[in-house]
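Required output: the full structure, derived from the provided sequences and hints.
For the sequence shown, this note's numbering begins at 1 and goes up steadily by one.
No wet-lab data here; the hints were simulated from the structure. Please read these numbers as outputs of a predicted model, since none were measured by experiment. Keep in mind that the hints are not guaranteed to be accurate.
[As the list claims (entries may be wrong)] 20 Å max Cα-Cα, derived SDA-like pairs, lysine to any residue:
# : residue 1 : residue 2
1 : Lys128    : Asp70
2 : Lys128    : Gly42
3 : Lys128    : Pro45
4 : Lys128    : Val88
5 : Lys128    : Leu92
6 : Lys128    : Asp138
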Amino acid sequence: MEVCDPVSAPDADGRPRRVTRRFPLFTRDTARPEGGGRAAPGDAPAPARQWPMLAVLGTVGLGLLVTAFDAFRVGLLLVGVALLGGAVLRWLLPRVGMLAVRSRFTDIVTYGVLGVVIVLLALMVQPKPWLEIPFLDDALHFTVRG
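Here it is as structure tokens:
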């Protein structure tokens, strides 16, 4: 007699049968995130199977390189756009390889929020910001400068 998991029990014929819908008390393995399979066929070379992750990492690397050469605003914009691109890839593609870390919804929200925050901060960075939000200046005036 073989029991499949902690919440199964043998039936009258000795076959394992699930008796409850509750999850087991102790987890023996972790499930792959939704969409975490290969992004290309299995016979493709390893880098091609992970092209979504490589695209995001490549763009982030390019942004960091541009930032290192003293064009920090453009470099940070590239980093933010890379994260937004990761959110779009996670949303549109059924399989994104290692770009899938958590559930699809959580990955999209995480990549999207971080990307938007980095882009907004890059646009508002001093000196000579490209984007000025008046109520933030007023809030800063009443909290820090006063």
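Hints, one by one, checked against the model:
1. Our distance criterion of 20 Å between C-alpha atoms is met by Lys128 and Asp70, whose separation comes to about 15 Å.
2. About 50 Å separates the Cα atoms of Lys128 and Gly42, which puts this hinted pair outside 20 Å; it is violated.
3. For the proposed pair Lys128 and Pro45, the alpha carbon gap of about 46 Å is over 20 Å, so the pair is violated.
4. Distance hint between Lys128 and Val88 is unfulfilled; the C-alpha atoms sit about 30 Å from each other, more than 20 Å.
5. For the suggested pair Lys128 and Leu92, the alpha carbons sit about 36 Å apart, so the restraint of at most 20 Å is broken.
6. Taking the CA atoms of Lys128 and Asp138, the gap is about 17 Å. The hint holds against a cut of 20 Å.
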